[in-house]
Structure formats: C-alpha cells, structure tokens
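Visitor: Next come the chains, spelled out residue by residue.
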Amino acid sequence: MATVTQSRDIEFLKEQARTVRIEILKMLAQAGSGHTGGSLSAADIVTALYFYKMRHRPDDPKWPERDRFILSKGHAAPLLYTVLALTGYFDKSLLGTLRRTGSPLQGHPSSKMLQGIEVSTGSLGQGLSIANGMALGLRLDDSPARVYCLLGDGEIQEGQVWEAAMTAGHYALDNLCAIVDLNSLQIDGRCEDVMKIDPVAEKWKAFNWHIFEIDGHNMEEIVNTLDEAEKIKGKPSVILAKTIKGKGVSIFEGKVEYHGLAPTKEELEIALKELGGNGK
Amino acid sequence: MGSREEKSAVESQSFAGQAVATRDAYGAALAELGKRNEKIVVLDADLSGSTKTAKFAKAFPDRFFNMGISEQDMMGTAGGLSLAGKIPFASTFAIFETGRAWEQIRQTICYSRLNVKLVATHAGITVGEDGASHQALEDVSLMRVLPEIVVIVPSDGFETKQVIDTVADYEGPVYVRLGRAKVPAVMPADYKFRIGKAYKFHIGRDVNIIANGIMVSAALQAREMLSKEGIDAGVVNMSTVKPLDAETLLEAAKNAKLIVTAEEHSIIGGLGGAVAEFLSEYHPIPVKRIGTRDTFGGSGKPDELLKLYGLTAEDIVKTVIEFMRK
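Just so you know, the protein sequences line up as chains F and V, in that order. For the first sequence, the residue numbers in this note's numbering are 1 to 280. For the second sequence, the residue numbers in this note's numbering are 1001 to 1326.
The following block holds chain V by itself, in its conformation from the complex (with noise of 0.2 Å):
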C-alpha cells in the first residue's frame, strides 16, 4: 500500500501556460485521479517509467499491474478488468499499444464496449533518436477505424490532464496519444476540454489551419508569419479526432478558401485522412495535408527530425502561399 505521505504528495497541477511533455502531465493527471477514485487501476508493458505511470505505481502499487513486455496480454487483462468494475488505464509506447495489439484492441475493447482508456506516449518523430522502430506515425489512422472508440490527440500539458479527467468519467473506449518530448503551452487557461469539441482560436478568411498534438504550436506560429502577408489564416485545435467536431469543421470550410491540417502523424487516415473524407462529402473544397508522407521515420533530434519531415511551421506557410499564389 501507498503510505499516507505518498498519497498526499500527489499534488493538483492543472498545467496551464506550462512547457511539460504531455507524458508528464498524464503521469501526474493519473496519480491525482488515483487518490480521488478508488476504480482507476493501470497497467504497463514494462516503460511505466518512460509512459510515466511509475507515479501513480509509487502512489498505488495495489491498483498498478506491470504486465511485462506483453502487449497483447496487457489490453485483454485491461478488458478483464473494466468488467470487474474497475477503470483501466493501459500504457505502453504509441507503436506498441496500437501496432502490436491492435487485434485485441478491437475483438476485446472495442466489439464488447469495454470501459478500458488506451493512453500511449512516445508518438510521432519527436521520440527522437531510437528511430524509426519507436516512432508510431500511424496510430491514429489504426484506432480511428475502430468502431466504438474516442480518439484524442491533446496539444500540451494543460489540455493532456483535462482530456485524463474527462475520459476517467466517459464510458467505452479512449485512446489518447502523447509525446515525448517537452511541449510549448498553447491553450489558453480559461480552456475547457470536451470530447467531440474542437478549439477555435480563430476563424481565418483565406485559410484555416486544423491540427493537432504538438502542431497546433506549430500552426499558430504560422498564422502569425502569414498575417505578415497578408493571408488571414485561422487555427483550429482538432483534439478529438473521432468523432470530429463536424460544426467546427464546416465553419472553418466555409469561411476560407483552403484547408490545411496539421499534425505529426502520416497524413494517411489520421487527422488529415478524417479531414479529408469529411469535408468531400459534405463540404468539398482544396485540403493540403501536413504530415509525414508515407514514409517511416528515423533517428536524430526532435527538432532537426520536424524539419526533416517537413512538419514546421515554415512548412505550413509555404503550403498555404504556393496555393494563394497559385
């Protein structure tokens, strides 16, 4: 058991207008939600010190299960346990969780509607220098597919632990996507998550810009440098990716003449694939997608890998003043 002192060491931290890695805001969003409701359990695949649920493992070690280096087992037992009455949090690296049990995602999660909340870190290049093998750029793209599931991409570490909170109280499914790497703050502290809600920083003229995770930094960086000429470019946090935020969405089309998205994944059936499907049903005008482009990633820095992969903010701008000027 958690000694007392443990337990109320676990501190309230809201994240707001803080740098911190999403990982890091879950590890103290899971170890706070921990000392409020006794059904939260977690498990791991042996990185619970890199997902970060070694804190809520100190705080709780009867509530925390390492399952070892066996993801597959992992999501089942999680299944297990949501029908036992409890709230599962599973945690493992983004490739692992979704890649290697993708199966058991969706025979036991996803067709019984089992409670169990998939949380993964360590997505997209920004892993960094454990390369391509780490670095999970398809992840959304295999859960969106999934019926039953909620899929949420948080920007920074203040929306990271609201999206914890709220999807402890929603019943089915989840999988939330996290990063590595520190990431600036970009919500605003008067922000409220709410599945199936997307944020509008503003709604551009010209071009609207709809990310998420770590480009949604990126995106309004280049709303700025595109103000500089001219170009009024509106940014849209798509945090939710299924469902999408559908109203938002056609607002944002219709306002402008060019859709862009933004996040770091590939831009086949994540974010950009949703966007796309979307708005050529209901809404058809130009998309340009910014992602990684059907390619794998690699080893090198963070920020030397973004620009390698073109997932910049300079990248944006470019995309969006070759389709003006075209």
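Same shape as in the complex, but just chain F (with noise of 0.2 Å):
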C-alpha cells in the first residue's frame, strides 16, 4: 500500500507549504471566485498535518485506520483542496475545475463528491461536533486512529461550537485535536470589532481542553505542538495558532477584503512572484 510521502523535515515541508499557497493562488484566480485570506493562513497547518502527521492512504481514502481531518472552516476548500491534490488523492489537473459547474470540486467541500473529503462543511460552526462523533466511535473500536479539526476564529462566535467543547471535555475525547486558526479577521471586519471572541484560551481551558498556543506560521513549532498533542491523555486538544490572513502575499496579508474574493490576474503575478513560483 503506497503512502504519502512525508516528512518531518522543518524544509521540506516549507517547501511543501510554498507550493501549496502557490496551487491555491492560481485555482482561485483560475475560479475567479473563493476565499483566498482564509486558505492561506491556515496553509502551514493543514501542509504539517498532510505532509507529515496524519496518517492516511491517498489511494485508500477509507482505510479504516486514517487520521481524520475535518475542515469546520468550508470556505477554504481550495487548501484542503490541493493538499489533497497533492498527496495523491486526484490528478491536480482536477483544481483548475474548482466551483465550475458540475465540478467535484464545490465551493465548499461536499464529500460525496469528492474522495478525501470526510464530510461536507461550510455552514459554520458544525465541524468540532462531527469531529466528537467520529472520536467517539473511533473509541468504542480501540481505533488508534485520531481526529484532527481545523476551527476559523470568526467561526468560534457559533454557539454549537461551545456544545461541541464542552462535549469533548465532558468524554474526555483525546484521540480528538482541534485547531483554531487564529487570523483575527472575519468577512465584516477585525474579529474584535465584529464580536469579541477574547479570551480565547481562558474559553477552551474552562471547557476542559488542553490549552497549546503557537505561531501559526512557525512550522518547527506547529510539527512539534502536533506531536506533543498526541501525548496528551485524559482531555481533548486545542492548538490556538496565531495567524495572518492571506500569509505569503503581502498584498494580501491582513486584508479583511480577501476573505472572500480571489486574486485578478495581475495580483496573481505579483504572489507568485514573491512566493517564488513560476506558474508550472
């Protein structure tokens, strides 16, 4: 059974990491459409969890002994997307599709489309909830597998997402790891301005997580926060990971307006050019 090829090489997975923004930038140009802020600050993490911790069988994609990934966040598909792509689940030829009629590749992810996909997301909020029934039952079968879910910050202002923690806290879930993209911004504005989301931590500690706090972007520190997770027993995890929406492209870096709009062509030059890529 081929795996993935992954690595816990800090380069090597930057590497990864630049390649990722770079299909993101050019499938959401290509689409015209799509929420580019939120695919690129999350890219380090979800790179880190394809390319090195999670361990799933791309041509397998129901072994039952997967690492679960649950995208809470919907809207960025293209990064769940092309890492998909790119450890082997479907031709990459299949992202030049993305929200084109008929394409698998829906605006946001719908798993009966779609191989990889675990579920279908992009109604906020309803991700950790899914991600605490398959830990669960993933329990009940002495399962060693684990289940990763990767939260916005603008989407913690769901209610059930405070269901779902204090779930997990009451079962003690630690085969279960959620992880809140900490970006600061949502579509109307700074998080702060919106709705208040601070304290974070203070939030999930009082549901009884297990509290980690890190740069986003620091791909040592998010490899080594992923495997000091799996050590904790007895509550479930939460890596609070400090971001910047649209990381990698400073014309998009900390603007509320590429939530959800996706780069020109001349704005595509400019990030490629800076993250290095040529376009192959």
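It should be emphasised that the hints constitute simulated quantities derived from the structure, not laboratory data. Some hints could be false.
Keeping only pairs whose Cα atoms sit at most 25 Å apart, straight-line, the calculated SDA-like set for lysine to any residue is [unchecked claim]:
1. F:K112 / V:V1145
2. V:K1035 / F:L140
3. F:K62 / V:G1172
4. V:K1257 / V:K1326
5. V:K1039 / F:P144
6. V:K1242 / F:S111
7. V:K1039 / F:D141
8. V:K1058 / F:D141
9. F:K62 / V:G1085
10. V:K1039 / F:H170
11. V:K1058 / F:A172
12. F:K112 / V:G1085
13. V:K1058 / F:H170
14. F:K112 / V:R1113
15. V:K1035 / F:D141
16. F:K233 / V:P1061
17. F:K62 / V:E1038
18. F:K62 / V:D1169
19. V:K1039 / F:S111
20. V:K1058 / F:D142
21. V:K1039 / F:Y171
22. F:K112 / V:L1146
23. V:K1039 / F:S143
24. F:K233 / V:D1062
25. F:K112 / V:W1102
26. V:K1058 / F:M166
27. F:K235 / V:N1066
28. F:K265 / F:S93
29. F:K112 / V:E1148
30. F:K112 / V:I1149
31. F:K235 / V:D1062
32. F:K62 / V:R1113
33. F:K205 / V:G1068
34. F:K112 / V:K1039
35. F:K255 / F:I244
The structure displayed is predicted, hence computed values, not measured ones.
Put the complex together from the two separate chains, hints included.
Guide: In structure tokens:
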C-alpha cells in the first residue's frame, strides 16, 4: 500500500507549504471567486498535517485506521483541495475546475462528490461536533486513529462550537485535536470589532481542554505541537494558532477584503513572484 | 458495561394488537436491537426517560451518549459516529429534533447522506398539558423538504417496532415521528412494514382517507360511521410520507370522488401537503385535509385537544358528508 511522501523535515514541509500556497492562488485566480485569506492563513498547519502528521492513504481514502481531518471552516476548501491533490487523492488537473458547474470541487467541500473529503462542511460551527462523534466512534472500536478539526476564529462565535467543546471535554476525547486558525479577521472586519472572542484560551481551558498557543506560521513549532498534542491523555487538545490572513503574499496579508475575493490575473502574477513560483 | 442479566432482560416484543405509546415501542425495540447489533449507538439530549432511550442506556451504557441539552451538537455528533461506522439513533422531542437542529440535519446529515436515524417522540398535540412550545405540528414538513431523507410516521406500537428494525438496516438518513400518549393497535397481525409502501385497509368507492400516526385509528372509526350513512370510505395508512407510495395514492384517487388526508400535524407541508402536491400534478381530484389549521397547539388533555383542533373521527365524517351533499 503506497502512502504519501511524508517527512518531519522542516525545510521539506516549508517547501510543500510554499507549493500549496502557489496552487491555492492559481486555482482561485482561475475560478475567479473563492476564499483567499483564510486558505493562506491555515496553509502551514494543514500542510504539516497532510505531509507529516496524519496517517493516511491517498490511494485508499476509506482506510479504517486513517487519521481524520474535518475542515470546519469549509470556506478554506481551496487549501484542502490542494493538499489532497498534492498528496495524491486525485489528479492535480482537477484543481483547475474549482467552483465550475458540475465540478467535484464545489465552492465548499462536498464529501459525496470528492474522495478524501470526510464530510461536507461550509455552514460554520458544525465541524467540531462531527469530529467528536468520529472520536467517540473510533474510541469504541479501540482504533488508533486520531481526529483533527480546523476551525476559524470568527467561526467560534457560533454557539454550537461551545456545545461541542463541552462535549469533547465531558467525554475526555484525547484522540481529538482541534486547531483554531486565529487570523483575527472575518468578513465584516476585525473579530474584536464584529464580536469579541477574547479571551480565547481561557474559554477552551474552562471547557476542560488542554491548550497549546503557537505561531501558526512557524513550521517547527507546528510540527512539535502536533507531536505534543498526541501525548496529552484524558482530555482533548486545542492548538490556538496565531496566523496572518492572506499569509505569504504582501498584497493580501491582513486585508479583510480578501476573505472572499480571488486574486485577479495581475495580483496572481505579483503573488507568484513573491512566493518564488514560476507558475509551473 | 450492562450486565448479562440486564441484557437478557431485554425481551423480544412485537406489540401486535397491543395499545401502547409508540415511544414505548421504540424504547423496547431499540434495546432489543442493541442486543443484536453492536453497531447501534444512541444519543439523547437530556430526555432519555421521556423518549424511552433510557432502556437502551441501561442495557448498553458504553453505546449511549447523553449530549445534555444541546440538540445541534447531538446531530453533528451522531453524524460523526455514523462516519466511524456506527448506526446512531438520535432522539429528543420532535420540535427540538427537527426545529432546533434543522440546519445541522440539513448540512451535516442530509447533504453528506449520513446513516443517522432521527427518532423523535412527543410529536403533535397529544403531548397534552405541556402546551404549544412542546407540540411539534411542523416537523414532518421541516423534514420532508430535505433531500435524501426518508420520513416515517408509524400508526401504532406494532408498526413502530417494525419501523425501527427496518430503518436500522436501511443505509441513509431517516426521520421517524413518534408520540407520547398511548394509542390503540390498528395494524393487523400479518402486517409487514416496508419503506415507501402504504397499507390499504380498504379502497373505497366514494372517498379514500389517507392517514398516518394516531389518525389511522380515527380514519378507521370514520369508515364505520360513514358506512352507516351509505358512504363507502376507504382507509390507507400512509406511514411513509417520503417517499410517498404513488401507486397506492393513484389507486385511491382513481377509485373515489374525494381524497381526505388526516394527520396530527399542520395541514401545511405534511402528509396533506404531500398528497395534495402529488395529486394536483398527476391525478387532479378534490382533496380535503384534516390537521391543525395554521395554528399553534395548547395545553390540555390529549382527547380534549384532539376535539378542539378538529382531529377526531367525527371531524373526518363531517368533512366527507359536507362534500358529498354539496
């Protein structure tokens, strides 16, 4: 059974993250719409999961012992599609069909249309509950598989997230690791202006989670933390990852308008130059 | 873990010919199913004593998850359990199950076509004294509009037992609507439930009453009363509202002058809505709908409420006779 090329080598992972960003921007520019900012902010974390941490088999997507990844912030679909393509779940050429009529690469992930997607997401606040259910089910079967769930920071304004946070704490789901992409921005502006979410760490702590606070763009820190999280027993872990929305491209970084805007042709050229990609 | 004695105490009951609340038949069926099938897991939102999932919880504590008062989280968790290969039954009162958690059912369960069984109790006005806030009169409508889901409204305990066994083996989302109050047995002992297959008690020449849930019993009484007036009224138990049994519905419509629907639910969007939609497109014929009429319920004794809201055999009879004499 072939497995994805995975490595703990930090330079390798950084290089993969750079490629992931390039592919995200190319597919978004081609689609002409989609979510740039939140795909780039979580790119390092999700690269570390798929190219290092997660045990998975792209040629056997339903392998029962696989680690599961739930993209609760479903609008970062371009990021998920890119890592799935680059790790071999489907042909990279499919990335060019993002958001087109009939494409399996829907605007938000659809599990019925694309293999490698564990469950459809897009309506915010629902992924952590699903991850809890998976973790409970896997634990019943004594499975070694772990469940990872990526949430946005604006997303944790949804009440269901806290119902789920309570559930994971109550059931002591130590086979679950949530990651919050703290890029500080949401569609209408800064999270702190739209609806204050701080203090974030105290909230998760109060719901009986083990907390990690990291720089979500420091690959070494991401990798070390994912390893540490696996060792936490008796409670779920959450990685609070401080990130920059649009990370990697100066014209998008920290710009709220690129939450839901795709790069234009000109912007793509600038971006590729900055990322050192030659458009291959 | 449930002890051996507890597990063996879970007896097989068919409920044939027995007057029993459909929620009690559910509790018993679920516990029995748990014994046969290790994949069955059950979730409840702090109402396990009322929904009767407590019986399963007692026998199989490892496979029962109380989610506390958080219906939205319960639906997502049930979805996740199904993705881990389990067969989750998620229960609470019908209004909270379908109303509070509607979008979770849509986005997580139906859109991904997850193998989750939504079994709700305390549907309709026969909830009684708790009043309007706890009486779901919209749930069938809310579920029926969703793609991928099967919607079933069993008429008695015997049918409920079969429905629960059947949906456990069916792959995909299902909504089962159950009640609080004891209901008379209506289905014959040789009845076999199948998803999407209505049961014809009789096809009438004058009118056919398409009913489900507790209204099947009222429809059968109405048939007796109408026959004394020289009116041949048929009765069909359309327990599966989605997918509708088109064949039986067409047969009922083609053989009579009037179709009457009867349900303990709003006339908007439920069984009456489904039948009217179908017949207006494929076999236009007069349709009268018995149900609550764009209103909330209220507190009271179930029998008094059924009278107050026009959900009795007499109401069916009156509707038919008024139409016939026009």
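Visitor: If any of the earlier hints don't hold here, list their numbers in rising order.
Guide: none
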